[in-house]
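Undergrad: These are the residues of each chain, in order.
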Amino acid sequence: MLLVAAFAAASLSAQQSAPPVTPPDRDYLVFVASEGNDQISLIRFGPRGARVERSRQMGTNPTELVGPHGLSVSPDGLWYYVTTAHGTPNGSIWKFSTADDRQAGRIELGLFPATVQVAPGGHYVWVVNFNLYGDMVPSSVSVVYADQMVEVKRIPTCVMPHGSRLSTDGSKQYSACMMNDELIEIDAARMAVDRHFMLAKGHEMGMTGAPGAMTTGAMDMGGHGMTPPKPGDVSCSPTWAQPSIDGQTVWVACNKASDLVEIDVASWTMRRRIPAGEGVYNLAASHDGRLIVGTNKRGKSVSVIDAVSGKELARIPTSRRVPSGLVISPDDRYAFVTLEGVGSEPGTVDIIDLNALSRIASVDVGQQAGGIDFWKTDSPH
Amino acid sequence: MLLLSAALILFQQPQQTAQLPPSPVKRIEIEPANRTITAGDSVQLHLRALDENGAAVPNAVLSVKMLGGQGEGDVKPESFWLVASSVGKFPLALVATAPGTRPFIDSTSVEFRAVAGPVTRVEVQPKSIAIVSGQSLRVEALAFSRVNDRSHEPVRWRSSDAKVVSVSAEGMITGSVPGKAVLTASAGTASASLDVRVVPATVARLTLFPAKSEVRQGDVIPFRVDAKDAAGKAISGLTPTWSFSPGDGQLDADGHFVAYRTGSYTVTATLGSRAASANVTVRERDVRRSVTVVGRLPRTGFATSEVWIHPNGKVAYLGTHMGGDRLYAIDISNPAAPTVVDSIQANTRLVNDMQTTADGNYLVFTREGAADRKNGIVIADTHDPLHPREISQFVDGVASGVHSVYIYENDKYGKYVFITNDGTGAIDIVNITDPLHPVRAGEWRTDRPDASRYVHDLDIVDGIMYASYWNDGLVILDIGNGKWGGKPDKPVMISQYKYDLDSLYKEVEDVSSAGFGRGTHTAWRQRGGKYVFISDEVYLNGDIEGAKDASSSRMYGTLQVLDVSDIEHPKAVAWYTPEMGGVHNVWQAGDTLYMGAYDAGFHVFDISGELKGDLRAQHREMASLNTADMGGAVKNAAFDWGVVLNPKDGLAYVNDFNNGLWVIRVNPKKPATPALP
Numbered sequence: 001m002l003l004v005a006a007f008a009a010a011s012l013s014a015q016q017s018a019p020p021v022t023p024p025d026r027d028y029l030v031f032v033a034s035e036g037n038d039q040i041s042l043i044r045f046g047p048r049g050a051r052v053e054r055s056r057q058m059g060t061n062p063t064e065l066v067g068p069h070g071l072s073v074s075p076d077g078l079w080y081y082v083t084t085a086h087g088t089p090n091g092s093i094w095k096f097s098t099a100d101d102r103q104a105g106r107i108e109l110g111l112f113p114a115t116v117q118v119a120p121g122g123h124y125v126w127v128v129n130f131n132l133y134g135d136m137v138p139s140s141v142s143v144v145y146a147d148q149m150v151e152v153k154r155i156p157t158c159v160m161p162h163g164s165r166l167s168t169d170g171s172k173q174y175s176a177c178m179m180n181d182e183l184i185e186i187d188a189a190r191m192a193v194d195r196h197f198m199l200a201k202g203h204e205m206g207m208t209g210a211p212g213a214m215t216t217g218a219m220d221m222g223g224h225g226m227t228p229p230k231p232g233d234v235s236c237s238p239t240w241a242q243p244s245i246d247g248q249t250v251w252v253a254c255n256k257a258s259d260l261v262e263i264d265v266a267s268w269t270m271r272r273r274i275p276a277g278e279g280v281y282n283l284a285a286s287h288d289g290r291l292i293v294g295t296n297k298r299g300k301s302v303s304v305i306d307a308v309s310g311k312e313l314a315r316i317p318t319s320r321r322v323p324s325g326l327v328i329s330p331d332d333r334y335a336f337v338t339l340e341g342v343g344s345e346p347g348t349v350d351i352i353d354l355n356a357l358s359r360i361a362s363v364d365v366g367q368q369a370g371g372i373d374f375w376k377t378d379s380p381h
Numbered sequence: 001m002l003l004l005s006a007a008l009i010l011f012q013q014p015q016q017t018a019q020l021p022p023s024p025v026k027r028i029e030i031e032p033a034n035r036t037i038t039a040g041d042s043v044q045l046h047l048r049a050l051d052e053n054g055a056a057v058p059n060a061v062l063s064v065k066m067l068g069g070q071g072e073g074d075v076k077p078e079s080f081w082l083v084a085s086s087v088g089k090f091p092l093a094l095v096a097t098a099p100g101t102r103p104f105i106d107s108t109s110v111e112f113r114a115v116a117g118p119v120t121r122v123e124v125q126p127k128s129i130a131i132v133s134g135q136s137l138r139v140e141a142l143a144f145s146r147v148n149d150r151s152h153e154p155v156r157w158r159s160s161d162a163k164v165v166s167v168s169a170e171g172m173i174t175g176s177v178p179g180k181a182v183l184t185a186s187a188g189t190a191s192a193s194l195d196v197r198v199v200p201a202t203v204a205r206l207t208l209f210p211a212k213s214e215v216r217q218g219d220v221i222p223f224r225v226d227a228k229d230a231a232g233k234a235i236s237g238l239t240p241t242w243s244f245s246p247g248d249g250q251l252d253a254d255g256h257f258v259a260y261r262t263g264s265y266t267v268t269a270t271l272g273s274r275a276a277s278a279n280v281t282v283r284e285r286d287v288r289r290s291v292t293v294v295g296r297l298p299r300t301g302f303a304t305s306e307v308w309i310h311p312n313g314k315v316a317y318l319g320t321h322m323g324g325d326r327l328y329a330i331d332i333s334n335p336a337a338p339t340v341v342d343s344i345q346a347n348t349r350l351v352n353d354m355q356t357t358a359d360g361n362y363l364v365f366t367r368e369g370a371a372d373r374k375n376g377i378v379i380a381d382t383h384d385p386l387h388p389r390e391i392s393q394f395v396d397g398v399a400s401g402v403h404s405v406y407i408y409e410n411d412k413y414g415k416y417v418f419i420t421n422d423g424t425g426a427i428d429i430v431n432i433t434d435p436l437h438p439v440r441a442g443e444w445r446t447d448r449p450d451a452s453r454y455v456h457d458l459d460i461v462d463g464i465m466y467a468s469y470w471n472d473g474l475v476i477l478d479i480g481n482g483k484w485g486g487k488p489d490k491p492v493m494i495s496q497y498k499y500d501l502d503s504l505y506k507e508v509e510d511v512s513s514a515g516f517g518r519g520t521h522t523a524w525r526q527r528g529g530k531y532v533f534i535s536d537e538v539y540l541n542g543d544i545e546g547a548k549d550a551s552s553s554r555m556y557g558t559l560q561v562l563d564v565s566d567i568e569h570p571k572a573v574a575w576y577t578p579e580m581g582g583v584h585n586v587w588q589a590g591d592t593l594y595m596g597a598y599d600a601g602f603h604v605f606d607i608s609g610e611l612k613g614d615l616r617a618q619h620r621e622m623a624s625l626n627t628a629d630m631g632g633a634v635k636n637a638a639f640d641w642g643v644v645l646n647p648k649d650g651l652a653y654v655n656d657f658n659n660g661l662w663v664i665r666v667n668p669k670k671p672a673t674p675a676l677p
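Chains as they are written, first to last, in the working numbering: chain Z, 1 to 381; chain D, 1 to 677.
Chain Z on its own, in the form it takes in the complex:
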């Protein structure tokens, strides 16, 4: 499965002033999880294009899909962790060796474990128990001690906790509550909720402590980000929380409102709402603090936003439907974007040049590609 990268000048009008595409001078390796067929793929992208380096099936029994959803590589690059959404009924987190995909552990977590991130120190893995499908009751965030694969804490948070990220220093964990229309801030040392933030348009407000009973938001998960809001709907339906590199800001993707809520961490107040693409879903911040990149689930595109001005620099169409996860390479040159596709369409990874602001390569993987993380760079192969 080799798709040669098209290192040609992009034709999008939004990119006409962008620098020309220059080929990569090294290989970039990212792991991708495909929820639709229980496949994990390692993508190699470099001067020779993008290809699937290797892939493996995961799960316990081929006929009962486990649904790999989130994926995160440990900072030391030795392990990758995958959350699986489906079980009987609880899902799990799995630990695999990056070198050879050897399974090194699995433990059961809550209902539909979803977004996963290894903390910067490498000791803990944070997972939201999304509970997308069960009864509409508050769910939780699990903290797993990576070395021994033991869940050391399950922190009750809100209904349908979704996209979550830790601050760069690992002191705070932020998660979006799709049904509560709230952002949750957890003190990582205490493993307890510190504050929450209400996100509905016109009702933005920072609060201390954990959220109470669900106060806003419809009981419709909106086709998990695929259904547009009804007229007059001011809800956010947050799907991702992304702290800035300096830890002073958190951006929350409002999937229904198609914008970002920018929150000042110190004062716990909203600074502004930043327009994004239709159905903005997952976010990533560049390591130099310059860019916010978001997948637009309904808009079949990726928004690249100037983090300072809030201006959308480019909206880049994706090669397939239902863009989902993304990761930015450590040198900030590329964004790797997963596209779920629909039905039996393969999943795809689009590679976007963040200097040229254009899509330069695509490679197909298993169906419903979602979770993605960067592993390492390598000499060109």
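No false leads were mixed into what you were given.
With the C-beta cut set under 8 Å, the calculated list includes, among others, these residues of chain D facing chain Z:
#1 Lys65
#2 Arg349
#3 Met555
Taking lysine to any residue pairs in the SDA-like style, the calculated list, with each CA pair at most 20 Å apart, reads:
#4 D:Lys76 with Z:Ala210
#5 Z:Lys95 with D:Asn541
#6 Z:Lys95 with D:Gly542
#7 Z:Lys172 with D:Pro99
#8 D:Lys635 with Z:Asn61
#9 D:Lys506 with Z:Asn61
#10 D:Lys548 with D:Lys635
#11 D:Lys483 with D:Glu409
#12 D:Lys76 with Z:Pro138
#13 Z:Lys95 with D:Thr17
#14 D:Lys548 with Z:Thr98
#15 Z:Lys201 with Z:Pro275
#16 D:Lys76 with Z:Val137
#17 Z:Lys376 with D:Thr17
#18 D:Lys412 with D:Lys483
Simulated from the structure, these hints should not be mistaken for lab results. Quick reminder that beta carbons are idealized off the backbone N, C-alpha and C, glycines included.
Mind docking chain D on chain Z? Use the hints.
TA: For chain D alone, kept in the frame of chain Z given last:
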């Protein structure tokens, strides 16, 4: 430039993880000290993190994690309430994390055990017996909790007149002098009685019938005794003490005997000092047959899921899996050349189950893995069977996905489809009397205090549903039969058959680890018979180390045969455990049971007559086929999902997950070859 590039690559490499300092916590104290809990109850756990001097460590974040038994209970993370939904073991990890230090984890010293709740029912079978003076006999009583868990609480036996009948703690009774006594078996506050009549030991002649038998392996012989006194007068109603040799078979207290091996057996009945024996000659069951692969339709694009035959017998529907978004309509009018004629595509990545209405005009199939995560079922018009056409969907409350469906049609109530809800573990009930407008009619779910509820498969016969409820076992519901007051929209539970899956599959834990997947997966009510066949799905917890591809795993499972003559008290009577492979879906037609056995391929069993004991040992297996060839998505490795027998052509349509459809004939028994003179 090269140097710079190399430096950049180095910069972008993963960074080594620094070790956390050791924890100040040296021990975690937990209360209560009593580690036994009643199934259905909860217990509040109290934890304290202590340092090496036994002093509490301030700011330590405490946690309790279940290391097993997640299907049987839960620990509430915010309150540390341990909820025991059903019988099981709950090994716990106690964790204390002092900020900035390595977590202290005690994962070996604490295990709670949930036992059956208070006994509410004791069963003794039969209700009355007659023995002779001097005769000893073992009787058995079983105790159950309110939720049908088998209790291990000791049964206490008491005789109303020990001079007539004495009874030991183990249930061994001995008749002393003629008379009557009532034996009472008690456990907790429940009890049951057994009337015992002791008659004088006047048996002068004891005869066992049949005195001589020639049977096949697996044939059940119901022995009975004929006792006469010295005057030749019959003494009726006596219950003998039974024994047999050699020991490779099964003899029940009612005198029903089954032999596993060929050869001669002696069955003995004893009444006091009198004994009678009968000889049983057991020959081969001799049911083994060859098979012929009549037709083959390899599938390569997707893994293959369920198969279903249209009532006209000329069209098969075949589902797709592992990213498959379609269901194929296959012309099987010439079974030697099954041909895909059309397909129906849906917003799904797995079509796990399907069924047509009895008239064949409509088809219902399941959706899981939808792109917008709004799953459910599709209803298709199949008036033109080879060209199914979607006419409606049902998604209300089943966004998580539907794994299995079963259609129930009732002249009084209308047409319903019962569907399994992946998210809530409920059986959702949908009225499809108007197939264009399916309407939610209700739901039913097992009563358990935590969310670990999962239902996998459904079967319905005569208004009674047999639901395979994973950790809750087999659940039997009146959904329209009416005898128990059930209606399609208001099911009523008739009975439940639970069993200890961890004990049954200890081997899997031994070769894998705790937390392996297992549950009641499929139930099939015998049409025209008294049995329910239930099969478990059991798989290893992780790959086999060092192995890959087909060698990296294997399935496990057991087929249990339940006698539901008394449907309120299902009784396990027989079983089949494959030497290799699992037991997945089954299909019964007449005296034959067909099975897809995953990695063990396709199997066919003779289920004629009464079923008792180990069916494999009795050589009841009629045929098998390793459904693997170089066609299909996965080459040369069987993963047989199931089978449907087409009544129109008598052929087995076997769906293999790895490689597509097989059309198999189980050939007639070859005539015996004449012996050489």
